[in-house]
Structure formats: structure tokens, C-alpha cells
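A.B. asks: Protein sequences, first through last, are from chains V, S and X. In this text, residue positions in the first sequence follow the working numbering: the first is 1, and each later residue adds one. In this text, residue positions in the second sequence follow the working numbering: the first is 1, and each later residue adds one. In this text, residue positions in the third sequence follow the working numbering: the first is 1, and each later residue adds one.
Don't take each hint at face value.
Stated by the list, open to error - Derived pair list, reagent style SDA-like, types lysine to any residue, alpha-carbon separation capped at 20 Å:
#: 1; chain 1: V; residue 1: K307; chain 2: V; residue 2: K381
#: 2; chain 1: V; residue 1: K33; chain 2: S; residue 2: R153
#: 3; chain 1: V; residue 1: K390; chain 2: X; residue 2: G64
#: 4; chain 1: V; residue 1: K77; chain 2: S; residue 2: L343
Bear in mind the hints are in silico, worked out from the structure with no lab data behind them.
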Amino acid sequence: MLSRRNAIQTAAILAAAAATGSRRALAADKVIKVGVNLSFTGADAENAARIGNGAVIAFEEANAAKAVPRYTFQLVKLDDATATAGQYDPAQAATNARTMVSDKAYVAALGPQMSGAGKAMAPILSQGNLAIITPASTNPDLTDPKFAQQYRPAGKAIYFRTVATDAYQGPNMANYMADTLKVKSVFVLDDSGAYGVGIADSFQAQAEKRGVKVLGRDRLDPKAADYAPILTKIKSLGPQGLYYGGVSQAGVKLAKQAYEIIPDVIKAGGDGMQTVDLLKGAGFPAVEGWYATVASPHVIEDPIAAKFSDRYFARFKQHPDDYTITCYTGAQVIIEAVKRVAASGKPVTRDAVRDAIQGVKLPTSMLGPIEFDEYGDLRNKIISVFQIRKNTEQPLDDPTAQYKYVGVAPVA
Amino acid sequence: MVSTALAYVSRPLAGLTPERRRALGLLALGLGLLVFPLVYDDDATIDSIANAMSYATLALGLNVVVGFAGLLDLGYAAFFAIGAYYYGILSSFQVMPLWSEAWAPLAFLGLVEKMNQGGPDLVHFTLSFWLALPTAALVSAAFGVCFGAPTLRLRGDYLAIVTLGFGEIVPIVARNMDGVTNGAAGLNGIQAPRLFGQSFGVDSVPYYYVGLGLVALLIFVSVRLRDSRVGRAWMAIREDETAANAMGVNPVRFKLLAFAIGAAFAGMTGVFFVAKLQTATPEMFNFNVSSMLLVMVVLGGMGSVWGVVVGAVLLQLMQTWFLPQLTGWLHDLGEAVGSPALLRIDLVQWTQLFFGLILIGMMLYRRNGLIPATRKTPPLTFAAQHAEVTRGGFLNLDRIPRWEPGEGALDIRGVSVRFGGLVALDDIDISVPAGGVVAVIGPNGSGKSTLFNVITGLVPAYSGSITFRGQELVGLPAHQVLARGVARTFQNIRLFPNLTVLENVMVGRHARLRSGAVASVLHTPGNRAEEQAAQTSVLDLIAMFGNRLAPRVGQVVSGLSYANRRRVEIARALASRPHILLLDEPTAGMNPAETLELAEQIKSLHEMGLTILIIEHKLDVVTALADTVVVLDHGVKIAEGRPEEVRRNEQVLTAYLGRAARAAVMEADRVA
Amino acid sequence: MTSADLLLQQVINGLSLGAMYSLLALGFTLVYGIAELINFAHFNVFMVGAMVAMLTLQSFGLVGQETVLTGLPLIGTLGAAFAVAMLVCGGIGVGIERLLLRPLRGVAGPAPMITTIGVSYVLFNVVLLALGSDAKNFPNPLPPIAWRIGGAVLRLREVLIWIIALALMVGLTYFVQRTRMGKAMRATAQDPEAARMMGVEVDRVVMTTFFLSSALAGACGMIFGLYYNLAKVDIGFAAGLRAFTAAVLGGIGNVPGAMLGGVVIGLIEAVSGQTVGTAWADVIIFGLLVLVLIVRPAGLMGRLAPNKS
């Protein structure tokens with residue numbers, strides 16, 4: 001309750017850190033708020049921190065560089081997890097959406113992590129015409145025109161993504177496995193989560209379409225420790241490939257045990273398997289050879305990405321991961337949109353910012369060119385494929401070093 | 001100036017009775033909550049309060065199960081999920097069977113509509129929110145019954161683990177049945193409630209009022225149930241299941257009722273919750289929710305209706321307001337003193353740790369919660385405490401049911417009881433004539449209490465038959481034995497320790513009352529008349545013990561003296577209008593004066609026509625009261641006869657006193 | 001892989017799981033037998049055991065699975081980690097009993113059980129705040145030795161787990177059956193009042209029980225780490241729930257029953273993963289629990305704790 005006030009308080013430190021200019025400049029500038037709604041406590045807290053830091057660094061840099069003259073960004077962290085739920089709580093997410101909608105100083109938002117939270121937030125944000133850019137929630141329903149009545153009752157797209165929906169990563173990887181890896185048979189697993197089930201379902205559908213034999217499908221309990229029985233079953237079926245849709249909670253355990261039970265099977269996952277957690281928790285040699293996809297083009301030796309990684313490490317003493325970058329890019333979109341509105345001389349309102357976000361074109365982000373379609377999804381749907389190959393010259397838990405880019409997954 | 005204003009306001013309040021003041025306070029609280037959204041225009045705060053309200057309703061439901069009936073349910077969120085998915089599925093586009101004319105009647109009722117999205121006609125469920133609320137209560141209650149029926153017979157701690165398992169299963173099923181629930185991705189397109197053709201949409205104010213109404217309704221229902229025959233039965237089960245059973249309460253039935261009502265509360269809340277969110281995912285109903293609800297109930301006070309509401313609100317405040325606020329202050333402090341350690345602290349991350357500590361702390365230091373369910377009763381006045389003992393006695397004769405002429409009383413034929421290889425009773429024959437007093441004596445461990453237990457159905461008979469007024473008692477559960485007119489007391493006093501004298505005795509009346517849960521909630525005229533009459537006659541019964549109990553009817557029995565607890569237990573047994581009263585060492589622990597007083601009272605009961613079977617060690621009491629004495633030793637009847645005959649029986653003396661003493665008594669007799 | 005090989009492999013999987021569940025189930029059963037209490041703290045005492053074992057191994061300089069030891073150094077490191085994990089967990093168990101549960105002894109109703117739920121939360125969150133929620137790479141110095149039996153693979157670590165679990169169970173059985181304290185424990189389980197009257201120091205018996213049960217959980221945590229090369233703050237719940245089911249299945253309060261129950265649950269988990277799918281494993285296990293409680297509340301091996309009414 002009264003979450004608006006306390007959210008401001010918790011954000012005080014962030015704002016202070018963000019205002020690297022003199023305090024007087026801060027006072028003179030007009031402060032515009034950007035909410036970042038993630039599950040900062042509970043089961044997904046560490047991921048949330050890593051994602052949120054992407055926004056923190058983006059706005060710190062923008063404020064320091066005076067990216068938008070006469071405006072200072074204030075990042076307000078809103079936690080949609082509650083102790084009652086032990087993780088993200090859609091009810092709290094809805095409350096946070098209302099917090100942002102009812103305060104006119106908010107012009108845009110980032111988040112949420114979970115599609116379940118997004119589904120509770122979208123109708124409220126739509127009514128308030130407040131744009132939100134999600135760095136992580138991939139359930140297609142949210143931007144599906146079929147559900148427009150539900151998730152954008154006011155009409156305009158407000159739920160933007162800098163991440164591809166499950167509708168692309170899974171199918172494209174199915175194509176890659178069929179075309180490039182010449183896999184003839186697969187077994188499909190998911191981790192019971194919305195993301196995992198979605199991506200595994202779409203993979204399976206495309207694999208079947210491509211004539212890859214799906215030898216079975218099962219669901220892992222992310223809280224259970226033992227996946228030996230199902231892996232033994234997979235071993236007995238003898239597929240050439242294993243596709244796992246899910247995040248690292250079950251992924252770490254799966255990678256460890258799969259390495260022992262089915263070492264020769266080609267193993268692949270979505271962007272949920274491109275994380276620091278996997279490298280740290282499962283480690284080499286268990287993770288060696290796993291494929292993972294990322295929903296953005298990969299620019300080889302991209303200097304922007306390398307520099308970002310260094311800056312990020314210097315600031316937070318940890319490596320960024322995939323969603324850090326989607327969140328950073330989402331923040332860049334918001335900064336660009338605000339810059340455009342301010343430059344046009346119009347007042348920086350959320351309506352103006354929403355329309356600007358809809359029209360933003362970022363040609364050189366770390367995710368490649370960024371542009372949204374009318375539903376809020378990325379126009380650019382390039383899926384890059386990476387493979388874990390041990391690089392002993394770099395830190396073994398640094399994804400940018402250990403995931404080797406191997407190509408683009410063909411569009412389905 | 002403030003103080004004078006306060007005094008001005010509080011002066012008229014001071015003149016009011018506590019009840020009036022309470023009612024006034026409630027009224028003020030209610031009004032305050034009603035106008036709050038009108039004066040405080042912050043959507044997020046109102047929404048947050050509405051969330052707190054749904055947790056309060058869940059805690060109220062869990063309180064019925066855990067607080068009233070004492071059943072530790074660790075999977076309560078399962079029923080929350082059932083209500084949520086029930087409404088979610090029947091008001092969204094998730095399940096759309098093919099249209100056929102069979103659906104037409106439902107379409108006429110507005111429950112479904114025909115829909116075409118290209119392709120064949122489909123059925124779109126359009127269950128109204130207002131219809132869903134009561135029906136979800138029924139659906140969840142039905143699940144509660146199906147699930148509870150096999151498991152509620154188990155010991156309480158098994159129930160905890162089975163409910164925990166159930167709480168795990170329901171979200172798994174929701175997740176795996178993608179077609180019906182949309183699985184992990186969550187339901188889409190759940191209808192917002194409509195009222196007078198107007199949709200609630202995403203505005204938080206109408207939800208606030210629905211939530212408020214729901215909380216008020218469930219508080220009302222909880223309070224009404226608590227103070228009824230049903231509530232007393234639950235609390236009796238919670239306090240001592242065996243004694244409750246012996247006093248006529250059918251434990252399985254009432255536990256199931258508690259489970260069903262608790263589930264109904266959760267089901268309604270589920271409807272409200274998803275209607276407000278317009279989505280539902282399996283993760284919303286995990287174990288964590290169940291255990292947090294338990295924390296709310298424990299914090300507020302198990303069994304305390306207002307307590308659990310306060311507990312829910314406090315926990316909600318703590319996690320959404322207090323801890324973030326405190327973190328903010330610590331950070332401000334950290335900035336002021338330049339301490340990076342303080343700046344790093346985020347107490348919100350510690351919320352669950354605090355919840356764990358609350359659970360432990362409450363159990364160790366304040367088990368009854370912040371607002372305990374048992375009201376403090378004012379201490380007795382000096383006068384009442386030091387009043388001269390009045391004897392009382394039975395004045396009103398219609399309380400003892402009359403025997404029909406020639407009716408057979410208690411007839412025990414060839415009854416044996418075995419515990420494993422141990423024979424506790426061996427082929428016992430005892431008959432108690434109508435209107436008679438039979439005493440059972442025997443050394444410790446001779447099987448006397450087992451005899452009472454087998455008569456009252458608390459232990460099964462291995463063989464033999466027990467008839468009472470021509471009806472077979474063997475095989476009947478304890479509560480049915482009581483219903484047949486057999487009431488008892490226990491050797492080691494089994495009252496319901498946290499209930500008052502009046503409540504204890506009212507539980508004894510349970511089997512003679514009919515009011516069910518519905519009548520109790522609605523306070524139907526029949527229910528009110530019944531309660532009134534029961535209360536009057538029970539108070540009358542208590543008056544039998546003179547001023548021993550009468551001034552203490554509002555006190556919790558655990559604070560009474562030993563002798564008074566014995567008296568309460570006898571009054572409780574009498575409240576069931578028994579034909580026969582089984583007294584197990586009623587004068588144990590009483591001083592000679594009290595013993596004499598009680599013996600007289602028992603005698604007066606007998607004179608009024610009550611048949612009595614009594615276990616007693618004090619032989620003078622036995623001699624004064626009993627027509628017949630039965631002597632048990634090692635589970636065998638060794639003697640039976642008039643008291644003075646039995647006193648001289650050699651076998652009895654050996655059993656009771658050992659050989660040397662027997663010789664001494666014989667010697668004394670010879671000399672006499 | 002022939003179906004016979006497959007069956008054999010699943011039996012090997014199931015037995016390894018079962019060994020762990022058995023050790024955990026023993027802890028539930030011991031405490032239930034003596035104190036008639038479902039100890040929910042046990043879930044996370046086990047988790048703490050895994051973490052302590054991991055920190056101990058790391059303190060020897062072991063990281064991940066890269067360092068392989070043999071001979072005496074191997075036995076020494078493993079032995080030390082087992083000892084530390086068991087002692088720390090045993091100490092936690094004694095602390096829980098002495099400080100939090102003893103004041104509640106004799107309190108009717110769910111108060112002691114609720115206390116253990118609270119302890120479970122505290123343990124979980126302390127570890128979470130101290131070590132974080134990510135999966136830890138549990139150091140494993142065992143050499144990767146494996147034998148092929150037909151198409152099935154039997155690894156050194158599985159054999160080792162069976163041996164250690166068996167040794168602990170045999171030791172426990174010996175302790176309960178043969179020693180003075182064991183006899184006192186059995187007497188207390190039968191009838192605490194009578195035991196007290198016969199001169200048994202019930203307080204000490206209860207404390208010993210908590211020590212043993214928690215030390216077994218600690219050992220189980222170490223075994224868990226060795227088997228999965230992993231430790232994580234949330235491992236307690238799923239494993240604990242299955243272990244409790246195992247204890248009830250075998251007949252709660254019954255020591256051999258807990259061992260049998262653990263193995264049965266492990267095998268069921270393996271077989272249901274093979275046939276129905278792991279998605280439904282929990283449903284099957286809890287369905288079985290309910291079924292057992294309804295049909296045979298005393299469990300497979302019998303002996304319901306005496307109903308102290």
C-alpha cells in the first residue's frame with residue numbers, strides 16, 4: 001500500500017546515482033519517471049537484478065551524457081513479487097501498473113519478466129496509455145491481435161518487446177536443427193513455466209512440420225533435482241537431438257545429468273539457456289556443446305557489445321546476460337523516444353512517448369536494428385544461434401566469451 | 001486543546017456499554033472504509049487494499065479450518081485455485097466446444113452464447129461474475145468434501161501432509177491440462193464483472209467495494225458460525241476430539257463441514273481474484289500462498305475472526321509498505337552517515353525470513369495470536385468468590401427423561417475387549433435396571449474405564465452385546481451412543497480447556513439440537529428459539545451446583561478448580577438429557593465436604609429417576625449411593641451384590657487389599 | 001538399449017534416489033516416533049547439509065568437477081565433508097529441539113508443527129540471503145569410473161551412495177536396537193510417561209533423536225551434492241516431501257519401513273518418469289500417499305505410533 005511513495009523512496013538511491021551531474025542541474029531539469037517493473041524479490045530476484053541493471057546503466061549514461069537536454073530520467077524500481085506468492089504476483093503487478101498510470105510523471109516503463117504479470121498489467125496500462133517495453137516476457141498472447149480486446153482495450157499497442165516471442169525462437173531453431181545440424185529425430189522437454197512450455201510447443205510444431213521425428217515430449221519439475229529417469233528414457237529412445245524449452249532453474253540440472261546420460265545427443269535450448277547461471281551452476285564439461293538461441297542478429301566482433309560488457313562489469317562486478325541487453329536496449333528505445341518528443345518541442349507526455357516508441361528506429365543497437373510492428377513486436381525477427389565452446393582464455397562464467405556465434409536460424 | 005477536544009468526544013463514549021462501543025467502532029470502521037475511495041483518489045492504493053482484502057477473505061476461510069476446527073490444512077490455496085479456474089474457464093474463450101442445440105437452454109439463461117470465429121459455430125461460456133461467486137463456493141466445497149472424506153478420518157498431522165500434497169497436485173494439474181487452463185501461459189480473456197450493464201473494466205474502485213463486501217460477508221458468516229451449535233462442535237473437536245465424540249459430536253461430519261466451508265470461502269475469493277486480474281496462472285496458487293495464509297492466521301490468532309483479518313492486513317502492510325519504507329529510511333540514514341553497508345540493505349528481500357520468525361515467535365510467546373479468540377472474562381467479584389456455598393440441587397424435574405414403564409435398561413452380556421494380545425475385559429455380564437444405581441469397583445487396571453469406553457463406543461468390543469433400552473450399542477460410534485441416551489464423564493476430566501463453562505455444557509446439548517450451518521448463519525426463528533431454550537435450560541442445569549458454577553459460566557474452564565471442573569463435566573453430560581449417566585470416579589480429588597455435597601447431588605439425580613453407573617473408589621460413597629456393586633479384577637467380574645455383601649467377599653478383599661489385609665478384615669469381623 | 005537394460009538402468013536410478021529418500025525419511029520417522037511431530041524444518045536442514053558440505057569441499061580447494069582425487073586424499077576429503085555436514089546439521093537439530101520445541105512440549109494442537117514450518121522458512125531465507133538462489137556447482141572429487149552392465153551404466157558414485165546410505169542405516173539400526181540410548185529411544189516411543197517413570201531421561205532421548213535425524217539429513221545433503229554435482233537453496237522442498245511420503249508409506253515411526261518406503265518411492269519416480277512422464281510424477285506420488293493412508297494407514301511395514309489419547 002502507498003506503494004507510490006515508497007517506490008520513490010527506494011528509488012532515491014538510484015536517482016541520486018543517476019544524476020551524476022551536479023545536484024543543481026538535477027533540480028533545474030525536469031524529472032521524468034520511468035518505471036522498471038521486475039520481480040526484485042523472491043525466486044527470480046537475481047535475474048531481476050541483472051535485468052534491471054541494464055536499465056540502471058542505460059539511464060545513468062543518458063543522464064550523464066545529457067542525452068535529452070533539460071530532462072533527467074528517474075528510474076523507479078517496482079517489485080511485482082510478493083512474499084505471499086514467493087515470486088512474481090500478478091496482483092502486485094497490477095497494483096504497480098496502477099501506481100504508474102496514476103502518476104503523470106511516468107512517461108514509460110520497462111518490464112515485466114513474466115508473461116503472467118504482463119497479462120495482469122496490460123489492460124491497465126492500455127487504459128492509461130502508458131507504454132511498457134518488456135525485456136523478457138515472451139508469451140505471444142500479449143501482442144496477439146486475437147486478444148487485442150483483452151490486452152489493449154484502449155486500442156493502441158502499449159506492450160512492446162525487445163525480445164522475440166516464443167513464436168519465433170522455437171520454430172527457427174527447429175529449422176536450424178533440421179537444416180544445419182541434420183537432426184532427424186528429437187525429444188522435447190520443457191520446464192513447466194510459461195516461457196518454456198511456449199517455446200517448446202512452437203519448436204515441436206515446426207519440427208514435426210519439417211519431418212523431424214519427435215520421439216517424445218515431457219515436462220520437468222523445476223523444483224525436482226533428479227532428471228535421470230526421463231534422461232534414461234530419452235537414451236533408450238535414441239534421438240539425435242534434445243530440445244529443452246525453459247530457463248536455467250531446471251536447465252542447470254538438466255545439463256549436468258544429460259552430460260552423463262546422453263553425452264552424444266545434440267542438445268539445444270532457447271535464450272533461457274544462454275545465461276551466466278548455466279555456466280556457473282553446471283559448468284564445464286557439462287555445458288560443452290549446448291546450443292542456445294538469441295532473438296537478435298549477432299554482429300561479429302561487435303565493438304558496441306564488447307564495450308557495453310566492460311562498462312557493465314565495471315559498474316556491477318558481474319557479467320551481463322541476454323536479458324540485461326534486451327533491457328538496456330528497451331531503455332535506449334525510451335530514451336530515444338523521449339529525445340524525439342523533446343526535440344519536436346511538444347511536452348513530454350506518456351501519449352507522446354508512446355507514439356514515439358511506436359515510431360522509433362534504432363539502427364545500431366546491440367540487438368541489431370530495432371523497430372516495432374503495429375502490435376508491439378520487433379519487426380526484425382532474426383534468431384542467432386550460439387554454441388557453448390570452452391574458451392579457457394576468458395572467464396569461464398562469461399557468456400559473451402563462452403557462447404560462440406554459429407549462425408542464423410532460418411525463418412520458419 | 002487537543003486533549004479537551006478528545007475529552008469532549010470521549011465523554012459520551014464513556015457512558016456506553018462495551019458492546020455499544022464495539023458496535024459504534026465497527027460502524028465507524030465500516031463507514032470509513034466505504035467512503036475511503038471517494039476521498040482518497042489513488043488507484044494503486046485502492047487496488048492494493050483490494051488485494052489485501054482477498055488475502056483477508058482467504059485467511060478467514062483458513063481460519064474456519066485451522067482456527068475453529070483445528071485441522072492443519074497446508075494446501076488451502078488449492079481451493080483458491082479451483083474457484084479461480086472455475087470462473088476463469090467459464091467466462092473466457094479458453095474452452096469452446098462445438099455448438100449444438102443442446103446448449104440452447106443454457107444460452108437462454110445467459111450462461112453461454114453462440115459464437116462464430118469462422119468455421120463451425122462454437123460455444124462461448126459467459127458465466128456472470130455474480131452467479132459465479134455462490135456457485136464457485138459450492139464447487140469448491142464439493143471438491144473439499146470429495147477430498148476431505150477419505151482423509152479427514154486420519155490423525156491431524158497426517159492431514160497436514162496430505163493437504164500439502166493436494167496443494168501441490170492442483171497447480172500441476174492446472175499446468176498440465178493446457179487445453180482447459182491454457183497451462184503455464186495463463187488464461188486469457190476472463191470477463192470483468194458487469195453490474196447494471198456496466199463493466200468493471202480495470203477501474204479498481206468497484207473491485208474495492210466487492211472485496212469489502214466479501215470481507216464483511218465472510219466475517220459475518222464466521223462470527224455467526226462461531227457462536228452456533230456448529231461452531232461449538234468444531235471447537236470441541238479442536239480441543240478434544242474423543243470427548244467431543246463422546247458428547248455427541250460426529251467428528252468426521254463436522255470436520256468435513258469445516259473443510260467444505262473453508263473451501264467455499266476460498267472458492268469465492270478465487271472468483272474475485274481472477275475477475276480483478278483477468279488472468280490466472282498455476283504459479284498463483286503454490287505452496288507459498290498456503291503457508292503465508294497460515295502465517296496470517298497464526299499472527300492474528302487461530303480461531304479469532306477479527307484477529308485473522310488483522311493478521312492478513314498486517315502482513316500485507318508489512319510487505320508492501322513497512323519493509324520498503326524502512327529500507328528507504330535505512331538508505332537515507334546510510335546516505336547521511338555515508339555508510340555503503342546501510343545502502344546495500346534491502347529489507348524487502350528479508351520478508352520471508354521475518355515471516356518465519358513471526359511463526360516461531362508467535363508459537364513460543366503468544367500462541368493465541370495478537371487478538372486471541374478467547375475473550376478475557378472479568379474476574380469474579382470479592383463477594384462472588386467468598387460467598388457461602390449454597391447447595392443448589394435439582395429443582396426442575398422435566399430435565400430427566402422419564403422411563404417408560406417396564407423398559408429395559410443397560411444390559412451387558414458376555415462383553416470382551418482385547419488390545420492386541422492383552423485381554424482388558426473378559427466375558428463381562430452386568431445389568432443396570434431402569435432407575436437403579438450400579439457401582440463398579442476394582443483395583444487400578446482392572447478394566448473399569450475400559451468398561452465405560454466399550455459401552456460408549458470409544459473402544460470396540462471384541463465380542464458380546466450391550467443393549468440399552470432394547471437397542472444394541474455395540475458397533476455404534478460414540479456420538480450415536482450418546483444420542484441413544486448414554487452420557488458419561490471421564491476419570492481424568494476431559495473438558496474443552498479453552499472454552500467457557502457455558503460453552504462446555506452447551507456442547508453436551510449438541511445431540512439434542514438440530515440447527516445446521518445454514519440456519520446458524522441466517523439466525524432463522526427456529527434456530528434462535530432453539531439456542532435460547534438450550535441456553536436457559538443449560539443455565540438451569542448449572543444452577544444445580546448452587547453458586548459453585550453459576551457465577552463462573554463465562555469463565556474458561558482451564559482456570560477452574562479441580563472440583564469445579566468435575567462439576568462442569570457432570571453438567572455437560574447431563575445437558576445431553578441422558579437416560580443413564582456413567583460417572584467415572586466423580587469425587588476423585590475432592591475434599592470430604594465436597595465429596596459429600598456431590599454424593600447428595602448424585603443421589604438427588606437418582607431420586608429424580610436417572611439411572612446411574614458409577615466407578616468409585618470411595619467406599620462410603622458407593623455404600624451410600626449404590627443398590628448393586630460389581631467388582632472387576634484383571635478384566636474379570638469377581639463379585640456382584642449389595643454393597644455390604646460385596647464388602648465381605650473374600651475374593652474382593654484379596655483383589656483390593658492383598659492377603660494380609662483380608663485376614664485383618666476377617667479378623668475384625670469375627671471380633672465384631 | 002534393450003528393454004531389460006532400460007529396466008536395469010531405471011532400477012539403478014531409482015535405487016540411488018531411494019537411498020537419499022530413505023536417509024531423509026529416517027529423520028522424519030525418528031522424530032515422529034519419539035515426539036509425534038512432523039518436522040518441517042527437516043526439509044531445509046537437509047538443504048543446509050548440502051551447502052555446508054559444499055563449503056567444506058571448497059575449503060579444500062576443490063572447484064567443480066575438475067579436480068579428481070584418489071586414494072587417501074579422496075577418502076579424507078569426503079570423510080571430512082561428511083563429518084562437518086553431519087555435525088553442523090545435528091547441531092542445528094539439537095538447537096531447534098532445545099530452544100524452540102522443548103518449551104512447546106505438551107502443548108496440544110499444531111503449535112510445534114507450525115514452529116517447524118517457521119524454522120524451515122528461516123533456514124531457507126538465511127541461506128538464500130547469504131549464498132544466493134543460483135545453482136551451485138558442487139565440487140565432486142570422485143574419479144569418473146563407470147561399469148557397463150549390458151546397456152546399462154553403473155557409476156562409481158552410485159555404488160558409493162548405496163554403500164554410504166546402507167552403512168548409515170545399519171549403524172542406525174544397531175544404535176536403536178543394541179545401545180542403551182537406543183533402548184531408551186524405543187521405550188520413549190512406546191510410552192514416554194512410562195519411560196520417564198522407569199528412569200529414562202526423556203529430554204536426552206528427544207535431543208539425541210533430533211541430533212541423529214538432522215545428522216542423517218546432513219549426510220543426505222552431502223550425498224545429494226555428490227550425486228547431482230549441485231546444490232541449490234530450493235532443493236529441500238521436493239526431496240523432503242517425497243521423503244516424508246516414503247516415511248508414511250513405510251509406516252511412520254518404523255525405521256526399516258522408512259528405508260523400504262524410500263526405495264519404493266525412488267523406484268516409482270524412476271518408473272513413472274519412464275512410462276507416464278515426469279510431468280505427472282508428483283501427482284502419482286501424492287496420489288499414492290493418499291491411497292496408502294486410506295487403505296492402510298499404518299503403512300507397508302505397519303506400526304502406527306501409539307495413539308496417545
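A.B. asks: For a C-alpha distance cap of 20 Å, please report whether K77 (chain V) and L343 (chain S) respect it.
C.D. replies: 15 Å, holds
A.B. asks: Take a quick look at whether K390 (chain V) and G64 (chain X) sit within 20 Å of each other, Cα to Cα.
C.D. replies: This hinted pair holds, its Cα atoms lying about 15 Å apart.
A.B. asks: Under the criterion that the straight-line Cα-Cα distance not exceed 20 Å, is the pair K33 (chain V), R153 (chain S) satisfied?
C.D. replies: Measuring from Cα to Cα gives roughly 58 Å; hence the hint is violated.
A.B. asks: Mind checking the alpha carbons of K307 (chain V) and K381 (chain V) for me, to see if they're no more than 20 Å apart?
C.D. replies: Violated - the C-alpha atoms of K381 (chain V) and K307 (chain V) are around 24 Å apart, more than 20 Å.
In this structure, the earlier hints numbered 1 and 2 are contradicted, and the remaining ones agree with it.
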